[in-house]
Amino acid sequence: MKFDYIVIGGGLCGLMAGIRLAESGKKTAIVSSGQSALHFCAGSFGLLGKVDGKDVSDPLEAIDTLPENHPYRLAGKENVRKIAAEAKTLLANAGINVSGSADKNHYTLTPFGMKRPSWLTFEGYTAFDSPEEIPFKECTIIAIKGFLEGYPSFIADNLEKQGVKCHIETIDLARLERLRKSNFDMRAVSVAKQMDKETIEEFASKINSVAKKDSSVLIPAVIGIYNDEQRKYLCELVKNPVYCIPTIPVSVAGMRAQHSLQRYFEKLGGTYLLGDHVDKGIIENGKVKEVITTNFGDDHLTAKGYILAGGFLFSEGIMSNPKGFYEPVFGLDVHFAEKRDEWYDRNFFATQPYMSFGVEVDKNFHPMIDGKPVENLYAAGAILAHCNTLKEDSGAGEAIVTGIHVADLNLKN
Numbered sequence: 000m001k002f003d004y005i006v007i008g009g010g011l012c013g014l015m016a017g018i019r020l021a022e023s024g025k026k027t028a029i030v031s032s033g034q035s036a037l038h039f040c041a042g043s044f045g046l047l048g049k050v051d052g053k054d055v056s057d058p059l060e061a062i063d064t065l066p067e068n069h070p071y072r073l074a075g076k077e078n079v080r081k082i083a084a085e086a087k088t089l090l091a092n093a094g095i096n097v098s099g100s101a102d103k104n105h106y107t108l109t110p111f112g113m114k115r116p117s118w119l120t121f122e123g124y125t126a127f128d129s130p131e132e133i134p135f136k137e138c139t140i141i142a143i144k145g146f147l148e149g150y151p152s153f154i155a156d157n158l159e160k161q162g163v164k165c166h167i168e169t170i171d172l173a174r175l176e177r178l179r180k181s182n183f184d185m186r187a188v189s190v191a192k193q194m195d196k197e198t199i200e201e202f203a204s205k206i207n208s209v210a211k212k213d214s215s216v217l218i219p220a221v222i223g224i225y226n227d228e229q230r231k232y233l234c235e236l237v238k239n240p241v242y243c244i245p246t247i248p249v250s251v252a253g254m255r256a257q258h259s260l261q262r263y264f265e266k267l268g269g270t271y272l273l274g275d276h277v278d279k280g281i282i283e284n285g286k287v288k289e290v291i292t293t294n295f296g297d298d299h300l301t302a303k304g305y306i307l308a309g310g311f312l313f314s315e316g317i318m319s320n321p322k323g324f325y326e327p328v329f330g331l332d333v334h335f336a337e338k339r340d341e342w343y344d345r346n347f348f349a350t351q352p353y354m355s356f357g358v359e360v361d362k363n364f365h366p367m368i369d370g371k372p373v374e375n376l377y378a379a380g381a382i383l384a385h386c387n388t389l390k391e392d393s394g395a396g397e398a399i400v401t402g403i404h405v406a407d408l409n410l411k412n
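Once you know that position 216 of the sequence shown is 215 in numbering that gives the first Met the number 0, the rest is easy, because the numbers rise by one and skip nothing.
The hints are all genuine.
In the BS3-like style, the derived pairs of lysine-lysine whose C-alpha atoms are separated by at most 30 Å in a straight line are: (1) Lys1 <-> Lys371; (2) Lys103 <-> Lys390; (3) Lys180 <-> Lys196; (4) Lys205 <-> Lys192; (5) Lys114 <-> Lys390; (6) Lys238 <-> Lys212; (7) Lys160 <-> Lys114; (8) Lys286 <-> Lys362; (9) Lys164 <-> Lys205; (10) Lys371 <-> Lys26; (11) Lys231 <-> Lys144; (12) Lys279 <-> Lys322; (13) Lys49 <-> Lys103; (14) Lys371 <-> Lys286; (15) Lys266 <-> Lys192; (16) Lys136 <-> Lys114; (17) Lys114 <-> Lys211; (18) Lys212 <-> Lys136; (19) Lys164 <-> Lys103; (20) Lys371 <-> Lys338; (21) Lys1 <-> Lys362; (22) Lys362 <-> Lys411; (23) Lys303 <-> Lys286; (24) Lys164 <-> Lys231; (25) Lys411 <-> Lys266; (26) Lys87 <-> Lys303; (27) Lys103 <-> Lys114; (28) Lys53 <-> Lys390; (29) Lys266 <-> Lys81; (30) Lys338 <-> Lys322; (31) Lys1 <-> Lys303; (32) Lys279 <-> Lys362; (33) Lys288 <-> Lys371; (34) Lys303 <-> Lys76; (35) Lys371 <-> Lys303; (36) Lys205 <-> Lys136.
Ranges of calculated distance between the beta carbons of each label pair, as one might list FRET restraints: (37) Thr169 <-> Lys1: 55 to 61 Å; (38) Pro240 <-> Gly323: 49 to 55 Å; (39) Lys322 <-> Ile281: 21 to 27 Å; (40) Glu235 <-> Pro134: 18 to 24 Å.
Source of the hints: derived by calculation from the structure; they are not laboratory data.
As the structure is a computational prediction, the values presented were derived from the model and not from experiment.
Note that beta-carbon positions come from the ideal geometry of N, C-alpha and C, so glycine has one too.
Model the full assembly from the supplied sequences, consistent with the hints where possible.
Now the structure itself:
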């Protein structure tokens, strides 16, 4: 099968790259083996939240403090600025409405009510300008009976430290009673699938019966798994301002983002090969000739350009054994420490060196084999070396920015 471009990896990075190419009218395929790290999204995306353990106010200016071979430095600050602005439009086109700017981080609440610097936050979630400026002085925290992924006491404790008066109210919903008696766990995704019109109306009615006057309402993010219309309907019915508080993964916001981006890519004419896996890439004369996938077997996939967005260890874009780290599809050069005891820090909470391991690329994001770039192959996202997305709180931003950036580089060739 022949395409203009093939993207390996169907998570946030691969989807953003694929959408960019498809929006330009290119015949594009995304090969996705299954669940991606996007399902872990907690209702917001970080561009660059922390440097040296300290919160970042202006993520674009902070790029200058990063190592020279960091993906943001390779892309260039002004290019990151441009792509960050364009990303909001791309997300909106896919049905994901967000607020925020790359010029200044805002803050959101975590599942435990702690504050986190963010770049883009989904509509309906808390977002405030500074850690001292929570947008409400009093709130009613809604707990759902039997729900396993809500932490109202932690939320209340952390908000009360900031001077917010909190009330916790537990409610029960008839449809969820049947869920509790089934074989499914009372987790966010399972609950969200039960939120039909009747249940939303019951939810709203019970919120109205317990919410304090002049109080904002915080609900666990268990609504709107396929689109945002259900949350909007709930907000219309509830008398008080309503904010979603993210849950621990797998998150409803993350699944909705995955579905929305995938649907938009396919609407643009893209081919999303879900449940397939690229087993091997064939390279001849310094260029990728074709890729071999599990499902297509002898019917190899060919393209003008290829983008490797297979993720990090979690997604097996990078793999390891007792001797080192390696990239399994093309055998690309991987940056990692030679001595095994330099892969990690025994202090679990310290910066772990292995998090900055990954595929080496040149200034044009071409990965290399034995130091020589593969001309029609580009790498993007978590697979890249020389960044620590966990400590930087930059995973989503790096995925979005580098995904779009390498798509643009392909389009120039």
